[in-house]
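2 protein chains.
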Amino acid sequence: MPKRGERNRKEAEPLYRQIQEELRTKIVTGEWPPGTRVPPQRQLAELYGVNRSTIVYALGELAADGWLRAEVGRGTTVAADVWKAAADSPPPDWGRYVRDGLHAPNLELIRQINDAEPDPALLRLGTGELAPELLPSAAMQRLLAERPEGLPLAYPEPRGSLRLREAVSARLEARGIRASPSSVLIVSGALQGLQLIALGLLRQGATLLAEQTSYLGSVQVFRTSGVRLVGVPMDGQGMRDDEARRLAARHRASMLYVQPSFHNPTGIVMPERRREGLLQACVRAGLPIIEDDVYGDLWLDEPPPAALKARDRQGLVLYLDSVSKSLGPGLRIGWIAGPEPVIERLADVKMQSDYGSSSLSQHAVAEWLLSGEQERHLAFLRAELKARRDLALAALREHAADLADWSVPQGGFYIWLALRRPLPMPKLFDAALRAGLLVHPGEIYARGDRQHLRLSFAYAPPALLREGIRELAGLIRSFD
Amino acid sequence: MPKRGERNRKEAEPLYRQIQEELRTKIVTGEWPPGTRVPPQRQLAELYGVNRSTIVYALGELAADGWLRAEVGRGTTVAADVWKAAADSPPPDWGRYVRDGLHAPNLELIRQINDAEPDPALLRLGTGELAPELLPSAAMQRLLAERPEGLPLAYPEPRGSLRLREAVSARLEARGIRASPSSVLIVSGALQGLQLIALGLLRQGATLLAEQTSYLGSVQVFRTSGVRLVGVPMDGQGMRDDEARRLAARHRASMLYVQPSFHNPTGIVMPERRREGLLQACVRAGLPIIEDDVYGDLWLDEPPPAALKARDRQGLVLYLDSVSKSLGPGLRIGWIAGPEPVIERLADVKMQSDYGSSSLSQHAVAEWLLSGEQERHLAFLRAELKARRDLALAALREHAADLADWSVPQGGFYIWLALRRPLPMPKLFDAALRAGLLVHPGEIYARGDRQHLRLSFAYAPPALLREGIRELAGLIRSFD
Chain A
1 MPKRGERNRK
11 EAEPLYRQIQ
21 EELRTKIVTG
31 EWPPGTRVPP
41 QRQLAELYGV
51 NRSTIVYALG
61 ELAADGWLRA
71 EVGRGTTVAA
81 DVWKAAADSP
91 PPDWGRYVRD
101 GLHAPNLELI
111 RQINDAEPDP
121 ALLRLGTGEL
131 APELLPSAAM
141 QRLLAERPEG
151 LPLAYPEPRG
161 SLRLREAVSA
171 RLEARGIRAS
181 PSSVLIVSGA
191 LQGLQLIALG
201 LLRQGATLLA
211 EQTSYLGSVQ
221 VFRTSGVRLV
231 GVPMDGQGMR
241 DDEARRLAAR
251 HRASMLYVQP
261 SFHNPTGIVM
271 PERRREGLLQ
281 ACVRAGLPII
291 EDDVYGDLWL
301 DEPPPAALKA
311 RDRQGLVLYL
321 DSVSKSLGPG
331 LRIGWIAGPE
341 PVIERLADVK
351 MQSDYGSSSL
361 SQHAVAEWLL
371 SGEQERHLAF
381 LRAELKARRD
391 LALAALREHA
401 ADLADWSVPQ
411 GGFYIWLALR
421 RPLPMPKLFD
431 AALRAGLLVH
441 PGEIYARGDR
451 QHLRLSFAYA
461 PPALLREGIR
471 ELAGLIRSFD
Chain B
1 MPKRGERNRK
11 EAEPLYRQIQ
21 EELRTKIVTG
31 EWPPGTRVPP
41 QRQLAELYGV
51 NRSTIVYALG
61 ELAADGWLRA
71 EVGRGTTVAA
81 DVWKAAADSP
91 PPDWGRYVRD
101 GLHAPNLELI
111 RQINDAEPDP
121 ALLRLGTGEL
131 APELLPSAAM
141 QRLLAERPEG
151 LPLAYPEPRG
161 SLRLREAVSA
171 RLEARGIRAS
181 PSSVLIVSGA
191 LQGLQLIALG
201 LLRQGATLLA
211 EQTSYLGSVQ
221 VFRTSGVRLV
231 GVPMDGQGMR
241 DDEARRLAAR
251 HRASMLYVQP
261 SFHNPTGIVM
271 PERRREGLLQ
281 ACVRAGLPII
291 EDDVYGDLWL
301 DEPPPAALKA
311 RDRQGLVLYL
321 DSVSKSLGPG
331 LRIGWIAGPE
341 PVIERLADVK
351 MQSDYGSSSL
361 SQHAVAEWLL
371 SGEQERHLAF
381 LRAELKARRD
391 LALAALREHA
401 ADLADWSVPQ
411 GGFYIWLALR
421 RPLPMPKLFD
431 AALRAGLLVH
441 PGEIYARGDR
451 QHLRLSFAYA
461 PPALLREGIR
471 ELAGLIRSFD
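Chains A and B, in that order, give the protein sequences.
Throughout the first sequence, residue numbering follows the numbering used here, covering 1 to 480 in sequence.
Throughout the second sequence, residue numbering follows the numbering used here, covering 1 to 480 in sequence.
In case anyone wonders, no lab produced these hints; they're calculated from the structure.
Ideal Cβ positions, reconstructed from N, Cα and C, are used throughout, including at glycine.
Worth double-checking, as some hints may not be accurate.
[To be verified] If you want the ones that stay clear, here's a sample from chain A, every Cβ over 12 angstroms from chain B, calculated:
#1 20
#2 42
#3 57
#4 63
#5 345
#6 361
#7 375
#8 390
#9 399
#10 410
#11 427
#12 463
#13 475
[Unchecked claim] Which bits of chain A does chain B cover? Going by a derived footprint, with three or more residues having C-beta under 8 angstroms, they are:
#14 139 to 145
#15 185 to 197
#16 285 to 295
#17 320 to 329
#18 380 to 386
Chain A on its own, in the form it takes in the complex (with noise of 0.2 angstroms):
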């Protein structure tokens, strides 16, 4: 595509004035309302293929002309009155609405995270999700081609396409997991499965249980439906049970969420015992469980233990997986498993939600798992991530035995770096921001932690993983 400015380029007019006319025109059509933040010169120079002196001047006749505003720590802002000029009447506030609703806004080094991956120069140290090469794309092209009746464009059923129920449940029942195509919702990707819950089981003011070091941080799903969340100690195993049990009756929890399988962002694998142990107290304390099992599949050396909803005789787990981590996050395609009453209740507020997950991509992803490509791609995928996570060890052992300690993760995609002294993270987060790299602080997913990083060795390509870690290296060092 050409860029916007070059597209509608005219010879006549002199560049800065076409740019200031459509900026303007943003503005009196109310695309951009008063105190709208105008984007980022350099931005804006990028947007319309033009060298950022264009942008100084076309913005600085705006200001001059009233439409714009300058103001030290904000940036250039659309101005307050500027609707005069445009229109009789005041248009809506809409900051106030911004401001005023209900749903929390995400964790402000979230967004900036969220806002900084698109830029193709950074370079991801600490992204959750597979590196676009390892993802299967002419494959699904081939085998979608391939079919047929078609691609299916209808609603599928309210707890999503049976086909792919029945391939979840044959799929589960080879982890040793007993859940029929009627105990199986189909949802758009773990998140949303844990939004659902919390929408659906979870009064105001319950307390749910989670790792104190959790993925949970780093969402705010349950927040906004005004459940608390309530961090239980953990050791080299994982969630401690003996905590998981005194908390429980302490704070009268509601649920608990666990990831047993290569833990985000640390890496544990909970062995055997710990597993029973948390579910016994669970069972004991009569407490529902939330397993997330998204990177099961994921092993690197050997295959985790058996899942908690495999020991399951209660039906006291809700069992939350996707295809995410393996197959494409932008699918987004993932399933709960639970006691049909719940499965039938979360359906619900699912059908009031979106009306169902794209039927498009649970054919994809019912399609593959059906014709055995999956297995093949997983043999594929532990091979890429083993020889990723050893190149990154290996760059670790190399630029950063003195700063740091780690495990090695046996799965999954996070090394959790454990820094030997406390950094000012915010600071760290910027410089490396600046030097092209992208990087997931601790804090993300513990409060106030300033001490770790979660490195991820799933989504960088090798040569440049290696190299971004001596220069991160050489930043924590220079903090010293």
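For this one, chain A is given, so just place chain B on it according to the hints.
Below, chain B without anything else, positioned relative to chain A:
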């Protein structure tokens, strides 16, 4: 696929005992916790591919052994103390979780309709979607098979795929709406768009104005976030602007929802002058508008007047659109166009709900729109829908002229049937269901309504549609 019973059938054991064993396993593993309602015998017989008598026998033995309990009015349920036989601790009280959850359950009538819809034996006379044979399954498959770059399986950007947003922006421009790609958010259908607005822009206790008879009556998305719905009286031109002005002031309303083109369920097209009047009323009140235009492309006689968004000079209108009514509801792709700070907020809430819409669906819609296929497809659809509309109207004139009144819809899917006399609607709904007809009573769209039915000419096969209308008229007459 073979039926479950067939797949697992062993020669040695009698069928009823295999079924018994499978149901017992569901109970002891917690898939059916105490209190779970056992599916109707007819459904179980269908599922296992056996005679109903085999099911009766299997259930009878399970009841005799204390696993099941038959209760008058509630059917057969799993016994309350069944866990004592299976485990030493009681399972969690899932019923309480289901009751306590924050999200409102769907309307009972909607759940009945959702549950009934997958039954292929039913004739769906009210369904708000295109018949499967009108969806371009094969053409879409060919289109996606041709692309040289494979299928996208990675995450799209937070606001949705740029390529799709550019295609949407061009499409809106053709409707006289100026919205740059950065002011467009891709959502999983218009319903999710409404959920994001409810969660992202409205505070608890806020008032939303909507047509007195409205699609919003059929969804609980605003109720769950504590937003109060106030109905604005309508006339033959749709929502009355004078009433909107009066009620906005009286209730200090926060937003107004309106469907100016081919209103669901009444089919009304708001004429030019009413659109201007309504927009001016909202401008003066500083009242933001949600304009739902999902049926806008489906004009049958002539295009509707320009959208409110095309007249919006203040960024007052959040414009909702989707491909669900034309290309395929299973794709779950729609979009919101509005002021950038609002789009940014909604994108943030969406990222926290499901990390974005299916990249496969986004790719399919972008390629479809950019290929020009959509214009050809819409021309085909308009001809088809027009023929089906005329057929339905002819059947109504023949069979229901003495029972009801209706207007000729100029587009969309619906004929809003005004019965001459109020009827006991739940009884009519049940009687129709027993006769194999699924209808949409008016009370779904306007609380307490007993005098309307929404008919859809978009779903039922034409020959059956005519026959279905005849039977429905007979049923209505039988209530005389």
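Cross-check of the supplied hints:
1. 20: For residue 20/A, whose nearest Cβ neighbour in chain B is about 15 angstroms away, the distance exceeds 12 angstroms, so it holds.
2. 42: 16 angstroms, holds
3. 57: Given that every Cβ of chain B is farther than 12 angstroms from that of residue 57/A, nearest at about 21 angstroms, it holds.
4. 63: Non-interface label stands for residue 63/A: nearest chain B Cβ at 19 angstroms, farther than 12 angstroms.
5. 345: For residue 345/A, whose nearest Cβ neighbour in chain B is about 4 angstroms away, the distance does not exceed 12 angstroms, so it is violated.
6. 361: Violated: least Cβ distance 4 angstroms, not greater than 12 angstroms.
7. 375: Nearest chain B Cβ is 18 angstroms from residue 375/A, so the label holds.
8. 390: 24 angstroms, holds
9. 399: 29 angstroms, holds
10. 410: Given a closest Cβ separation of 26 angstroms, the condition holds.
11. 427: Given a closest Cβ separation of 25 angstroms, the condition holds.
12. 463: 20 angstroms, holds
13. 475: 27 angstroms, holds
14. 139 to 145: holds (count 4)
15. 185 to 197: holds (count 5)
16. 285 to 295: holds (count 3)
17. 320 to 329: It holds: at least three residues are needed, and the stretch 320 to 329 of chain A offers 3 whose Cβ sits within less than 8 angstroms of chain B.
18. 380 to 386: violated (count 0)
Of the numbered hints given earlier, the model fails hints 5, 6, 18; all others are met.
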